[in-house]
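**Student:** Whenever a hint applies, use it, and build me the whole structure from the sequences.
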Amino acid sequence: EVQLVESGGGLVQPGRSLKLSCAASGFTFSNYYMAWVRQAPKKGLEWVATISTSGSRTYYPDSVKGRFTISRDNAKSSLYLQMNSLKSEDTATYYCARQAYYRGFAYWGQGTLVTVSS
Amino acid sequence: EIVLTQSPTTMAASPGEKVTLTCRASSSVSYMHWYQQRSGTSPKLWIYETSKLASGVPNRFSGSGSGTSYSLTINSMETEDAATYYCQQGSSYPLTFGSGTKLEIK
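Which chain is which? The protein sequence lines are A and B, in order.
Counting with my numbering, you get residues 4 to 121 for the letters of the first sequence.
Counting with my numbering, you get residues 795 to 900 for the letters of the second sequence.
Since the hints were made in silico from the structure, they are not lab data.
Reference listing, derived: stretches of chain B covered by chain A, where coverage requires no fewer than 3 residues with Cβ under 8 Å from a Cβ of chain A:
(1) 818 to 829
(2) 832 to 839
(3) 878 to 887
(4) 890 to 900
We put the CB at the ideal spot given by N, CA and C, even for glycine.
**Tutor:** Laid out in structure tokens, this is it:
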């Protein structure tokens, strides 16, 4: 059974940093692109980042480019999101997702809430 | 960036009613994916590559479309189908989602 378990969320002040983690199990992690998708409170879904199987390629929307960094450790079956220079508009539940070849998200974690506030 | 516009924003349907949700893209895309999100839970892949049902999705659901216009249809609405449905395009980065259609039961 595919499992994705996020951790690392919490309350952080504007301008500070936070690192999210996602522990994957139930599949061969190194074979899949992985992604982060977020959802602000009572709002829709927003794709945040994607990383290739080896980690050599990463993709971001303009809203987080230069501030967020996605990475992975295939030996540990783990995905990460380093978030710097956080803004109030980054407040959201962050989901770890397994990305399929068709660039859709076949599996999702339960999410971790990040609140950016002073 | 490809912008996805979903309609309606909110709708209510009676049990047994046929329901159609629409997603329009600002540029042509190769296919569309759909997600179901029930209140307080993570999204679930529902339909992928326009018309393929994800595992466990009842066959009263179907998807269709091409180019810039796509739709999700429920042949006969059931109580458990009440949720928010999002479309998403994977044709090009940045990957984008529609703003969602909230489907309620009458």
